[in-house]
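Engineer: Here are the chains, one letter per residue:
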Amino acid sequence: MKKLLKLLPFFLAAIALFSSCSDDETEDLFPSELTQGAYIVNYGGYEKATSSITKYDYEADKITEFYYQLQNDYAEITSAPQFAYNYEDRIYLMNNAPDNVVVLDPLFVAQDTLTTMVVKPRSCVGYGDYLYISCWGPNPDWVDLPNSYLLKYNVISGAVEKLALPGGPEDLQIANGKLYAALNYKQAIAVMDLSTEEFSYISTPAVSTSLVKDKKGNLYVALISSYKHTATQTGLGFIDTNSDELTVYELDNVSTSYASTLAISKDQSEIYVVAASYDAEWNMVGGVKVFDIASKNFKASNLVSDITGINGVSVNPVNGDIYVFISNGSTTKGNMQIFNAEGNKTNEKTVGAAPALAIFLD
Amino acid sequence: MRRFVLLTLVLVLKGTGLLAQNEHVLDSVLLNEVVTYAPYKKYQAGAKLESIPSAQIEIGQSAGLDQLLTRFTPIYFKSNAGGLSTIRVRGTAPDHTSVNFGGININSLTLGHSDFSRVPVYLFDGVDLQYGSSSAVNGSGAIGGAVFLGLKSNWTEGARIKATISQGSFGEQLYGTKIYVGNGKLESVTRLYYFMLKNDFSFTRPSDGLEFDQQNAMIENMGVIQEVNYKFSSKEWWKTAIWLENDWHQVQALMSSHPESVPNETLDNKHIRAWSEYENREHPLQYKGGIGFVHDMQVYDANEVQKIGTNRLIAEFEAKQDVHAGFGYKFGAKYKYIKPDVYAYSSDVIENEQSAAFYLSSFYTPLTTLKLSLNLRQEIVSNFSVPFTPSFGAEYRLLLTNVAVLKLTGNLASSYRIPTFNDRFWPEVGNPDLNPEKGMNYELGLQYEYCSSFLQSNLKVNGFYMDVKDWIEWRPGSIGWEPENRSRVISRGVEVQANNDFDFRKVNLNFRVNYSFNPTEIKEDQILDLVGKELIYVPKHVGNAYLMAKQGAWSTFVNVGYTGKRLADHSGSAKYPDGTVLDGYTLMDFGLAKDFKVKEQNFKLSLAVNNLPDKDYQNQPDYAMWRRNFRLTLSSDLNFNKYK
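Sequence order for the protein chains is A and B. The opening position of the first sequence corresponds to residue -4 in the numbering used here, with each subsequent residue numbered one higher. The opening position of the second sequence corresponds to residue -2 in the numbering used here, with each subsequent residue numbered one higher.
Honestly, the hints are just simulated from the structure, not real lab data. Any given hint might turn out to be false.
Computed beta-carbon distance windows for the label pairs [as the list claims (entries may be wrong)]:
1. B:Val302 to A:Asp124: 55 to 61 Å
2. B:Asp345 to A:Ser27: 35 to 41 Å
3. A:Asp357 to B:Pro256: 35 to 41 Å
The calculated lysine to aspartate or glutamate pairs, modelled on EDC-like cross-linking and capped at a C-alpha distance of 20 Å, are [as the list claims (entries may be wrong)]:
4. A:Lys223 to B:Glu301
5. B:Lys304 to A:Asp139
6. A:Lys223 to B:Asp575
7. B:Lys304 to A:Asp235
8. A:Lys223 to B:Glu425
9. A:Lys344 to B:Asp575
10. A:Lys223 to B:Glu348
11. A:Lys223 to B:Asp298
12. A:Lys115 to B:Glu257
Just so we're clear, the structure is a prediction, and the values are computed from it rather than from any experiment. The beta carbon of each residue, even a glycine, is placed where N, CA and C say it ideally should be.
If we strip away everything but chain A, and leave its shape as in the complex, we get (with noise of 0.2 Å):
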């Protein structure tokens, strides 16, 4: 007993250091009281130098606007984050002119920036220890964008390997093993498998933007009209990823915007799209989009119509609030509207420029 009592503070000392390895550390330097939010992601303006992250603190109605510099001893996101992803404890913003990607922790302190291989980034999703970046490439030439790719990144050794994926990869899911990559330059969705590495195509009417998942593990796709790739449908497109197919849900005038256009509500019922409708007058306006998953339809009545500017649409994965984003210019403030899940108005907060989603700690 003597013995075990001698071994008392080498076995307290051992418990101490297994469990400083254990998520609890991360817990420790990230505390949820800090971390908890939603992070409006405000592009500004290509080459523009607007952009910036507000800070909503949704439990105590609080807004704190230029987050990144205030974490960053107020140095400016000087590239426009296309997009923000949170992964593994580590945010990372994809950002344009110039292209770099950039690593955050969940307090938003620069942690390191990504600049080989990463051209134009549009977008990225997680899998094991990769993150998968879609990258327009360079010299596009705005029609098929032949020379876009996908990066892979190794989260955990830095290393990077180029995928080529002509036809300018946008959103991108991963969904029963496999990655699916939403074409703004091809009338498809490109399908990766993630064992293999080889690519297929699902055909759709019109090019894309946005992909969102549900909780079944099959996609929603934005089918956008283009100018250079005639749709002949528009709409919202259902991917089943057991078979890999589309059906379309036909619906004009979806957002081109490259923010968050798709949203899918907390309860899996509805998915939100940002869409114009024509008024009393025939002007058309910007508004938000109900389809009921259930009934396959859209719904009569618009979440919110009538918004000149509006941007992208996000749900707060823990009350189900809606955001829905306004921009109001690359160099001006936009607007924040909440709608609470059951599509009512309760608050508007005044945000950064260009607001294009929110990505949500706890």
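We have chain A; now place chain B onto it with these hints.
Structural biologist: Then chain B, alone, in the frame of chain A:
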């Protein structure tokens, strides 16, 4: 020789102030001699017009027009280090200043404005400016101001060759020549230039204090103007000028992109601008007619698939008569046929566009002390409605002595701008139903001239108030970025300009001061947060001073320019939550030159030091600007004229 005597006489008369009593003489003689295509002042009493002196044009000849005007006028340019520079006259947008070469407004019909860094000063003999609205005279787009690029008629008898070689810091090279050949009646003038700038200057990045060499900001421009002029008599001539321009540059990389993420984007612009004009002054009813052709083409990043271009045909006829010294009128019509060549436009939407403008101008001097002018213009555009545009001006002489003249000037001018082709026809978001922008300019000024044996002085103080409605901006709309008539903007202010010539013991001194105070306000906007705010990139205070001394063959100058604080955006930053404020800056340039002769031919060697205090500054956020730099220029004027 007669021409030289006449010009000399005009200049002497101007210096003594006598011309203040006979301004129409000055207007019709001086402007027609120095700036061939700009006989515009006579019918605009009370309007503020200014000619850039030839000595300043010579100082700025190695660079773009933006640098010349930034140094020597109270006009602000939003610019980077040579790649893109857009004008802001009296708080207005770049689209609100017309840039005229002959009967051509060279502003892009797709973008609406000109890049002043690609207008080479070297090619021109004169640059004139009009401040404030002048659409009644200059047509669409002249809401904030107008710039006139002039060529001087020499009617060469013999041959004359001017050549310039300039070498500067950061790999700057300019090679230019002007070749005049003629027999007094038929004249050919060829003007060529080649400009190259590696632009690899070093800068200190403010965010981390690290120093880098600027990457990917190279510029290579070249151009030629070929004139062929024929003089039937002293009152009848035919002039033709063809301007070919090929400009290429790398889009300047941001400081934050150095050293690893530096993009290499390029812009290639090609232009053909031709204007041919016949003028007859033999009869009391004088007339002239001109035709022109313009081809503009822009290619981004060598992507030949995505061309953005337009072709224009222009024809203009004008007749004028001075019924007597105190009353004259002119009337005319201008026709344009425009065919866009833009990859994105559908021919179903826009195949071509035609417009015809009809105008009438007159001046009247009811009293010896009072001159009035009236301009009326109506433009008709296929499938587009343009407002009727009048302007009215007056000049009243308050004081006249042997050595001084004091005048009160005033002008009311309406103005308009037809939306650009991109505004109306860009696929999906262009809006053919946009309203034209409409402006109203109110101007009041005092002009004092003093002339004695050792001092000639000219002081102008102008107050202005400009109200622009239906201001078009591209902002996010229902499904993407769309142009809309969004704002009403008020721009007002005061400009002070002084020009003084001193003769002191064989030393001639020229001292000029310019200052502009220009607050702006967004009066109405669909975005309520913007109402009451100032416009971005409009400094409240801009000023500069220029001193030149000349003695014998030596001359030297120094100029100091101040650009005040200005908003770069309305979205702000952590430091400036209500809008990012760019710091003001003061720059100083210095130059020294010596004239000399070799075998009776004229040469000049000059050295210029720009940004003498080595100031680190930003005109736009994240764009590095040139620190101290040098330029050495050798010019020659080989004159084989029959009459030198």
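Engineer: A separate judgement is required for each hint: does it hold in the structure or not?
Structural biologist: Taking the hints in turn, this is what the structure says about them:
Distance hint check: the CB atoms of Val302 (chain B) and Asp124 (chain A) are about 39 Å apart, inconsistent with the given range 55 to 61 Å. With their beta carbons about 57 Å apart, Asp345 (chain B) and Ser27 (chain A) fall outside the hinted range of 35 to 41 Å. Range check, Asp357 (chain A) to Pro256 (chain B): about 38 Å between beta-carbon atoms, so the 35 to 41 Å window is met. About 15 Å separates the Cα atoms of Lys223 (chain A) and Glu301 (chain B), which keeps this hinted pair within 20 Å; it holds.
A C-alpha spacing of about 16 Å is found between Lys304 (chain B) and Asp139 (chain A), which places the hinted pair at or below 20 Å, so the restraint holds. Restraint check: the Cα-Cα separation between Lys223 (chain A) and Asp575 (chain B) comes to about 39 Å, which exceeds 20 Å; the hinted pair is violated. Between the alpha carbons of Lys304 (chain B) and Asp235 (chain A) the distance comes to roughly 41 Å, so the proposed pair goes past 20 Å and is violated. With a C-alpha separation of about 11 Å, the suggested pairing of Lys223 (chain A) with Glu425 (chain B) holds against the 20 Å cut-off.
A hinted pair counts as satisfied when its Cα atoms are at most 20 Å apart, and Lys344 (chain A) with Asp575 (chain B) qualifies at roughly 15 Å. Of the supplied pair hints, the one linking Lys223 (chain A) and Glu348 (chain B) holds, its CA atoms being roughly 18 Å apart against a limit of 20 Å. Proposed proximity of Lys223 (chain A) and Asp298 (chain B) is supported: the alpha carbons are some 19 Å apart, at most 20 Å. Of the supplied pair hints, the one linking Lys115 (chain A) and Glu257 (chain B) holds, its CA atoms being roughly 14 Å apart against a limit of 20 Å.
When each numbered hint is compared with the structure, violations occur for hints 1, 2, 6, 7.
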